[in-house]
Amino acid sequence: MQQIKISDSHAYYGDLHVLNNVSLSIDKGEIVSIIGPSGSGKSSLLKLLVGLLLPKSGTISISNKIIDYTNKAHLNYARNKTAIVFQQYNLFENMNVLKNVCIAPYKIQKRNKEEVEEQAIKLLDKVGLKNKLNSYPEELSGGQQQRVAIARALCLNPEILLLDEITSALDPELVKEVLDTIRVLASEGMTMLIVSHEMVFVKELSNKVVFMDEGEIVDFDTPQNIFESPKHFRIADFVGKILK
Amino acid sequence: MDRLIQELPSFLSIWNIIFLLKAMGVTFLLSLIGCLVGFGFGTLLAIFRKTKSALLIPLRILIVIYTEIFRRIPFLVSLLLIFYIFQIGKITDSLFIIAIVTVCLIATAFISEIVRSGLESVSQTQWDAAKAMNFSYYETLKEVIFPQAWKVIFPPAFSFFILFIKDTALASQIGVMELTFAGKVLNNKGFSPILVFGTVLILYFILSFPLDRFGKYMERKYATN
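The listed protein sequences derive, respectively, from chains A and B.
Residue numbers for the first sequence follow this note's numbering, beginning at 1 and rising by one.
Residue numbers for the second sequence follow this note's numbering, beginning at 1 and rising by one.
These are computed hints drawn from the structure, not numbers from a lab.
Quick caveat: nothing in here was measured; it's all calculated off a predicted structure.
Quick reminder that beta carbons are idealized off the backbone N, C-alpha and C, glycines included.
Where hints are given, some of them may not hold.
With a Cα cut of at most 35 angstroms, we get these calculated DSBU-like pairs of lysine-lysine [as the list claims (entries may be wrong)]:
{"#": "1", "chain 1": "A", "residue 1": "110", "chain 2": "A", "residue 2": "132"}
{"#": "2", "chain 1": "A", "residue 1": "203", "chain 2": "B", "residue 2": "131"}
{"#": "3", "chain 1": "A", "residue 1": "72", "chain 2": "B", "residue 2": "151"}
{"#": "4", "chain 1": "A", "residue 1": "231", "chain 2": "A", "residue 2": "208"}
{"#": "5", "chain 1": "A", "residue 1": "99", "chain 2": "B", "residue 2": "151"}
{"#": "6", "chain 1": "A", "residue 1": "176", "chain 2": "A", "residue 2": "231"}
{"#": "7", "chain 1": "A", "residue 1": "56", "chain 2": "B", "residue 2": "50"}
{"#": "8", "chain 1": "A", "residue 1": "72", "chain 2": "B", "residue 2": "142"}
{"#": "9", "chain 1": "A", "residue 1": "99", "chain 2": "B", "residue 2": "216"}
Pair by pair, the computed Cβ-Cβ distance ranges are [as the list claims (entries may be wrong)]:
{"#": "10", "chain 1": "B", "residue 1": "159", "chain 2": "A", "residue 2": "57", "range": "47 to 53 angstroms"}
{"#": "11", "chain 1": "A", "residue 1": "134", "chain 2": "B", "residue 2": "97", "range": "28 to 34 angstroms"}
{"#": "12", "chain 1": "A", "residue 1": "39", "chain 2": "B", "residue 2": "81", "range": "15 to 21 angstroms"}
{"#": "13", "chain 1": "B", "residue 1": "56", "chain 2": "A", "residue 2": "16", "range": "22 to 28 angstroms"}
{"#": "14", "chain 1": "B", "residue 1": "136", "chain 2": "A", "residue 2": "39", "range": "55 to 61 angstroms"}
{"#": "15", "chain 1": "A", "residue 1": "64", "chain 2": "B", "residue 2": "51", "range": "31 to 37 angstroms"}
Modelling step: build the complete structure from the supplied sequences, incorporating the hints.
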């Protein structure tokens, strides 16, 4: 079953054409990684799905519903099905860890407060941060903040998890703790779209890999084909440089 | 000095004290109403100005024009302008109401800019995170943006309030019996200007000092939060 289907989509930041005729299908439970040089449109693709960047043309369907991003109910639907973890964590700086994780399920999804808190504590335990419930983001390391951001996204009970270069702002020793968390989620069958520069991780976990350049999807294939027998010069060049 | 000591008992007569306290009340009310109304409407204007909806473009333009005009005209000019508009339009004869309307218009313009700067100081990433989790504009402001913006809004807002208490002295120019005007009246009655305006100075200090302390307290509270 297709969980995400993007067809012939274009998107702009002002005059800048950031997504150019993008088409992509992702099945339920699939883990798809997006790779490509900086400024190639990888993060824009994730922002497109949650409506932080509006498509100019093309169709996008999420969990079998075609989304009209100018329609509030459609936008709510898309955002209920997806959860995004940002590169810079974007934790709410005025809230402690527990409140960061609980606020949207409780205030926006109108779920039972006790039930949400119980789930939040379980998730924070899962990412190794149960002892930091009352800490504020500024009191946490980058790796800890990123894991809180993952717990916050998961507490929304999304069908699709979007991860935007979640290890790029971290020290090497913190990368491992975040990637371990993602490995656990992958083993549980969560549909994930991951923007990453961690090629070993991409190879190990992804069912498919998208290569983007200058706002276009250059190739969409298995990790094996992308890394070992790339069809395009641009991919071979990028992979060659990054795996050196 | 001898003259001051001589005048003191008659200056501190019950009638003079009541007269000065009444004038102090007028200054206090002008400042309080100006600040409260200014804070309420100023915050509303800042919120509307931050919206992105194309439907609200005319409103946003009006807000920019209003704030830019009232922040640039001297207090006294605004006061006289409103005074004569009210006179010509026969709206009211109450000088106090004319002064209140003026202080509210000015405070709203200044505070809307202070609040807007506070809102701008919160990173766009906080708006994005809230949006991606389906927060409405109102919920984003209430839960995420304002709690982070207060620490940026409070210091200039309280400085403005304190300046404002002093600026209301200009209402005396149209005849509002506020603290400075009351001082002039007592001075005209023959009391020493040092005694009269020294007392007025102390009364202004009594009005503004607690507000200054309250401002410092709020800054500390929100800075640590």
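Here is how each hint holds up against the structure:
{"no.": "1", "hint": "A/110 x A/132", "result": "25 angstroms, holds"}
{"no.": "2", "hint": "A/203 x B/131", "result": "32 angstroms, holds"}
{"no.": "3", "hint": "A/72 x B/151", "result": "32 angstroms, holds"}
{"no.": "4", "hint": "A/231 x A/208", "result": "15 angstroms, holds"}
{"no.": "5", "hint": "A/99 x B/151", "result": "20 angstroms, holds"}
{"no.": "6", "hint": "A/176 x A/231", "result": "31 angstroms, holds"}
{"no.": "7", "hint": "A/56 x B/50", "result": "23 angstroms, holds"}
{"no.": "8", "hint": "A/72 x B/142", "result": "20 angstroms, holds"}
{"no.": "9", "hint": "A/99 x B/216", "result": "27 angstroms, holds"}
{"no.": "10", "hint": "B/159 x A/57: 47 to 53 angstroms", "result": "50 angstroms, holds"}
{"no.": "11", "hint": "A/134 x B/97: 28 to 34 angstroms", "result": "51 angstroms, violated"}
{"no.": "12", "hint": "A/39 x B/81: 15 to 21 angstroms", "result": "53 angstroms, violated"}
{"no.": "13", "hint": "B/56 x A/16: 22 to 28 angstroms", "result": "25 angstroms, holds"}
{"no.": "14", "hint": "B/136 x A/39: 55 to 61 angstroms", "result": "32 angstroms, violated"}
{"no.": "15", "hint": "A/64 x B/51: 31 to 37 angstroms", "result": "33 angstroms, holds"}
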